[in-house]
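Trainee: Below, each chain spelled out in residue letters.
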Amino acid sequence: MNHVIWTMLMGLTLVLTLAAFRLYWTIIRKGPTSQRQRSSEEKCHLAVFLGSGGHTSEALMLLSALDFRRYTPRTYIVSEGDFLSTEKAMTLESLKAAESLPSDIRREGNDYRILVIPRARRVHQSLFTTPYTSLRCLLMCVYHVTISPVTTSTPSFSPFSDVLILNGPGTCFVLCLAICLNRFLGLSSPKMIYVESFARVKSLSLSGKLLRPLVDRFIVQWPQLESKGEYRGWLV
Amino acid sequence: MRVFVTVGSTKFDSLVQAVLSPEVIGSLRNKQYTELVIQCGNSESGSETNIQAGTETRFTTDGVNIVLWRFKPSLNDEFTTADLIISHAGSGTILDVLRTGKPLIVVPNPTLLDNHQEELASVLYGQGYLQYSTATNLAQTITAFDGRKLTKFPPFDGAAFRAVVDQEMGFS
Numbered sequence: 001m002n003h004v005i006w007t008m009l010m011g012l013t014l015v016l017t018l019a020a021f022r023l024y025w026t027i028i029r030k031g032p033t034s035q036r037q038r039s040s041e042e043k044c045h046l047a048v049f050l051g052s053g054g055h056t057s058e059a060l061m062l063l064s065a066l067d068f069r070r071y072t073p074r075t076y077i078v079s080e081g082d083f084l085s086t087e088k089a090m091t092l093e094s095l096k097a098a099e100s101l102p103s104d105i106r107r108e109g110n111d112y113r114i115l116v117i118p119r120a121r122r123v124h125q126s127l128f129t130t131p132y133t134s135l136r137c138l139l140m141c142v143y144h145v146t147i148s149p150v151t152t153s154t155p156s157f158s159p160f161s162d163v164l165i166l167n168g169p170g171t172c173f174v175l176c177l178a179i180c181l182n183r184f185l186g187l188s189s190p191k192m193i194y195v196e197s198f199a200r201v202k203s204l205s206l207s208g209k210l211l212r213p214l215v216d217r218f219i220v221q222w223p224q225l226e227s228k229g230e231y232r233g234w235l236v
Numbered sequence: 001m002r003v004f005v006t007v008g009s010t011k012f013d014s015l016v017q018a019v020l021s022p023e024v025i026g027s028l029r030n031k032q033y034t035e036l037v038i039q040c041g042n043s044e045s046g047s048e049t050n051i052q053a054g055t056e057t058r059f060t061t062d063g064v065n066i067v068l069w070r071f072k073p074s075l076n077d078e079f080t081t082a083d084l085i086i087s088h089a090g091s092g093t094i095l096d097v098l099r100t101g102k103p104l105i106v107v108p109n110p111t112l113l114d115n116h117q118e119e120l121a122s123v124l125y126g127q128g129y130l131q132y133s134t135a136t137n138l139a140q141t142i143t144a145f146d147g148r149k150l151t152k153f154p155p156f157d158g159a160a161f162r163a164v165v166d167q168e169m170g171f172s
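Chains as they are written, first to last, in full-length UniProt numbering: chain A, 1 to 236; chain B, 1 to 172.
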């Protein structure tokens, strides 16, 4: 009997140690980095989280800088009930569509999709119910990031995306955790680029502090924060 | 000439009160501003702000025509038709107004708990892009303010972010 417990303990220790190594290697070290070169004609599936209000405005302004013929298809992730962000995303899409040459053959409706996820925590929500809503949000993110790409019938949205743009607030941390789960499991996962808000001059936001060790690129917009992340001038 | 005042998505009673005070209205009229449009959000500042959502209140004080309403889906038309904008310190509003090239006076909301907003307003004030004021000093600020002395705000340039994403994804 003692022998069985001893073996089980040894096994458990081994599994936990391996998991810890895997966690460290895939999430923190982000190795081995697959810096693969792409040819200029290649397409890249882009996803962006629209965190409502100023977050959405900044994220869409960042996106407007990109070549939508290269970054296609696009996935917009919005929080439940945030109709304004959905509307703004669709406005950007139609603006970009009008910009592209008339000779471009566009497949209307196939170029982008909008995913709705529950909020991790609503403004003024009680702290007691936050674990429940956050878990619900995480499960939905895992569904979209981990499960749906495997089971989906539309090949253009599988895998989840090649790159994910994040700029806060809290719910985007939960989305980032779902991506980390994919990395831990060895499934395909997008590159994560976090851009701290233009409003953050001297200190990082809470989502910035949480995501900094997890993302592939962490960019700030003020030289006062250069010690915390990459500074390349104003991006918005 | 027209002034547009915006408090953003929440409430900012002290700014609305200050703007409707005889001192501020007097300073505006002295500067030839005869139209005052106020987006007051959820602010409550006495009888003037007894407005139903979706409606507006109009009245004239001291020769200044005043219009008050709570929200509109987009404020861009208001920014472009105004000659001066007085706003809360929200980064989105600051960015939108500065990009229209209109002179801006920012009044940070001292009742907001997480007041990092004030940081942005004060650093942009330090760089000469906008004027900075408190609600109590607003009349003096307007009297002393000369929008032509502000530094021109740079236009949006997407090249830096495009380079980051292209590089990260292995293009180039």
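Be aware that a few hints might be false.
[What the hints assert, rightly or not] Within a straight-line C-alpha distance of at most 27 Å, the following computed BS3-like cross-link-like pairs (lysine-lysine) qualify:
#, chain 1, residue 1, chain 2, residue 2
1, A, K96, A, K43
2, A, K202, B, K11
3, A, K202, B, K31
4, B, K149, A, K88
Calculated directly from the structure, the hints in this document are not laboratory data.
Trainee: Does each hint fit the structure? Answer for all of them.
Mentor: Do the hints match the structure? See the list:
no.: 1; hint: K96(A) - K43(A); verdict: holds (16 Å)
no.: 2; hint: K202(A) - K11(B); verdict: holds (26 Å)
no.: 3; hint: K202(A) - K31(B); verdict: violated (36 Å)
no.: 4; hint: K149(B) - K88(A); verdict: violated (34 Å)
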